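K.L.:
Working from the sequences, and respecting the hints, build out all of it.
Chain order of the listed sequences is A and B. Once you know that position 116 of the first sequence is 116 in my numbering, the rest is easy, because the numbers rise by one and skip nothing. All you need for my numbering is the position in the second sequence, starting with 1, plus 1000.
No lab work stands behind these hints: they were computed from the structure. Where hints are given, some of them may not hold.
So the derived label-pair ranges between C-beta atoms look like this [claimed, not checked]: (1) A:Asp107 x B:Ser1077: 26 to 36 Å; (2) A:Lys58 x B:Lys1187: 38 to 48 Å; (3) A:Glu70 x B:Lys1032: 56 to 66 Å; (4) B:Ser1230 x A:Val102: 57 to 67 Å; (5) B:Glu1047 x A:Ser83: 38 to 48 Å; (6) A:Tyr56 x B:Asp1148: 51 to 61 Å; (7) B:Asn1269 x A:Asp107: 26 to 36 Å; (8) B:Thr1090 x A:Lys71: 31 to 41 Å.
A short list of chain A residues far from chain B (calculated; beta carbon distances all over 10 Å) [claimed, not checked]: (9) Glu16; (10) Gly18; (11) Ser53; (12) Arg54; (13) Tyr56; (14) Lys65; (15) Phe69; (16) Ile94; (17) Val102; (18) Thr119; (19) Ile124; (20) Ala135; (21) Glu150.
If you want the footprint, here are the derived chain B segments under chain A, 3+ residues with CB under 8 Å [stated by the list, open to error]: (22) 1078-1088; (23) 1097-1107; (24) 1122-1129.
Please read these numbers as outputs of a predicted model, since none were measured by experiment. From the three backbone atoms N, C-alpha and C, an ideal C-beta is built for every residue, glycine too.
The chain contents come next:
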Amino acid sequence: MESKKTRKELIVSALENGTVIDHIPSKNVFQVIKILGLDSFDNQILFGTNLDSRRYGKKGIIKVKNKFFEKEEINKIAIAAPSATLIVIRDFEIIEKKAVEVPEVVDKFIKCINPNCVTNHENIPTRFSVIDKDAIKLQCHYCEKTTSKENFIFI
Amino acid sequence: MKNRSLVSINDYSKEEYLKILDIAEEFEKNPKQKILENYVVATLFFEPSTRTRLSFESAVNQLGGKVIGFTDAASSSVKKGESLKDTIKTVANYSDLIVMRHPLEGSARFASEVSAVPIINAGDGANQHPTQCLLDLYSIRKTQGKLDNLHIAFVGDLKYGRTVHSNVIALANFNCTFHFVSPYELKLPSAVKRHIKEKNLEYHQYTDLNEVIPFVDILYMTRIQRERFSDPVEYERVKNAYILNGNMLGNCKPNMKVLHPLPRVNEINENVDDMKEAYYFQQARNGVYVRQALMASILGIK
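P.N.:
Structure below.
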């Protein structure tokens, strides 16, 4: 156990400047990479899934060099992986460590489940209010229908 | 309410829609006032709805206003592929107010965000039809003398019926007791019941129409559509259970009125039409006064 822990910290501290997204549910790692557009990002990125976690059993982690996420990007992470923790690192030091927060409003990046919603037919960015922060239920600002977590399609 | 769009019944407060009902009373006494002479109202019907369109156009014409618009999308530039945004922004240049009916849910909300003039939603898919709700409230208040503390039954398709949903949400502000009569498959959705529970009001559910007739003040009938049933046998089984016949009204309360958003198919037998309980044609007439009141308020004339 001891050697494993040391090795893990070594990898984290290997990041001189950047952000670690920790405690991502393993199955959501690739989704988080995709919605943040990290798959076409030029900076160094390390990621892992199915890592041992004391809190969750298994977890995923993404480390991005020289990247500090903006509010809108953090909102995306919170919707895809509400359990995630953001660790901001500068000069090998942890500057900030915080749990992501589910926002009140979700703009542009989730598709409305209602096939008859105007946002699925016209060129209109989607917009939802979060009506249940625990179960993550979104109410469409336009058609007023509810889209739940299990039906999220990221756009 | 000046310059404010009406997209959803929740856009206006209880006080605001009571104000509209008061103004509608004035128009009922005097529906032909030339107060819209200098105004152009656009009626954009991206899907046909003759009844609603004629009601709005009659309301405008009786007040001396001008109407422009189209009666279905096939006769408009939508057919050429114009976006909803462009249609609305263009027509807003030609009119003081836009009344729109559109098959897509959320279309009226979007239009209200891009339009330079106010929008009245005359139905956006299965979502909202707030002027129907206002005219129903007007009809209930007019026949009962009040909106508070009434026993109101909704009958038929309570699952998909948007008028039922808006009415329940609006009436939950008035301490009403709700009686829901429907086949099990077409029960009121829990998202709508939530509004009743939030106000700690009572509601009861039934499958037998006869049960509620003796004690309700309003019997709001709706049509059960065949296409709502995945099993056609199920439809055949329930379709006759929610038809109102004149002989069922023998023991109703003296103040009881039957309402229906129309069009009716067969859910109210024609033998009810001449009974004192029948109010659905007057209800449609009230729609003109309520729409006059709404347009006059939004245009800042009343």
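K.L.:
Indicate, hint by hint, whether the structure satisfies it.
P.N.:
Quick rundown of the hints versus the structure:
1. The hint said 26 to 36 Å for the Cβ distance between aspartate 107 of chain A and serine 1077 of chain B, and at roughly 30 Å that hint holds.
2. The hinted range of 38 to 48 Å is satisfied by lysine 58 of chain A and lysine 1187 of chain B, whose Cβ atoms lie roughly 41 Å apart.
3. For the hinted restraint 56 to 66 Å between glutamate 70 of chain A and lysine 1032 of chain B, the CB-CB distance of approximately 59 Å keeps it satisfied.
4. At roughly 36 Å, the beta-carbon separation of serine 1230 of chain B and valine 102 of chain A lies outside the given 57 to 67 Å, and the hint is violated.
5. Distance hint for glutamate 1047 of chain B and serine 83 of chain A: a CB-CB separation of about 45 Å, consistent with the stated range 38 to 48 Å.
6. Against the hinted window of 51 to 61 Å, the Cβ-Cβ separation of tyrosine 56 of chain A and aspartate 1148 of chain B comes to about 53 Å, which satisfies the hint.
7. The beta-carbon spacing between asparagine 1269 of chain B and aspartate 107 of chain A, approximately 51 Å, falls outside the hinted interval of 26 to 36 Å.
8. The hinted range of 31 to 41 Å is satisfied by threonine 1090 of chain B and lysine 71 of chain A, whose Cβ atoms lie roughly 36 Å apart.
9. Listed as a non-interface residue, glutamate 16 of chain A keeps its Cβ farther than 10 Å from every Cβ of chain B; the least gap is roughly 45 Å.
10. Look at glycine 18 of chain A: its CB is around 38 Å from the nearest CB on chain B, clear of 10 Å, so calling it non-interface holds up.
11. Distance check for serine 53 of chain A against chain B: the nearest CB is about 36 Å away, which clears 10 Å, and the non-interface claim stands.
12. At roughly 38 Å, the least C-beta separation between arginine 54 of chain A and chain B is larger than 10 Å, which holds for a residue marked as non-interface.
13. With a cut of 10 Å on Cβ distances, tyrosine 56 of chain A stays outside the contact zone with chain B, its closest approach being about 32 Å.
14. Residue-level check passed: lysine 65 of chain A sits 40 Å from the nearest beta carbon of chain B, beyond 10 Å.
15. Taking the minimum C-beta to C-beta distance to chain B, about 29 Å, the non-interface status of phenylalanine 69 of chain A holds against the 10 Å cut.
16. For isoleucine 94 of chain A, the condition that its CB be more than 10 Å from all CB atoms of chain B holds, with the nearest at approximately 43 Å.
17. No beta-carbon of chain B comes within 10 Å of the beta-carbon of valine 102 of chain A; the shortest separation is about 20 Å.
18. Listed as a non-interface residue, threonine 119 of chain A fails to keep its Cβ farther than 10 Å from every Cβ of chain B; the least gap is roughly 7 Å.
19. Under the 10 Å C-beta cut-off, the non-interface status given to isoleucine 124 of chain A relative to chain B is violated; the minimum distance is some 6 Å.
20. The Cβ of alanine 135 of chain A lies farther than 10 Å from every Cβ of chain B, with a closest approach of about 14 Å, so its non-interface assignment holds.
21. Non-interface status of glutamate 150 of chain A relative to chain B is upheld: no Cβ of that chain comes within 10 Å, the nearest being about 17 Å off.
22. Proximity of the stretch 1078-1088 of chain B to chain A, defined as three or more residues with a beta carbon under 8 Å from a beta carbon of that chain, is established by the 3 residues found.
23. Requiring three or more residues with a Cβ within less than 8 Å of a Cβ of chain A, the coverage given for the stretch 1097-1107 of chain B holds, as 6 such residues are present.
24. Note: the stretch 1122-1129 of chain B has 5 residues with beta-carbon separation from chain A under 8 Å; the three-residue rule is met and the coverage holds.
Checked against the numbered hints listed earlier, the structure breaks hints 4, 7, 18 and 19; every other hint is satisfied.
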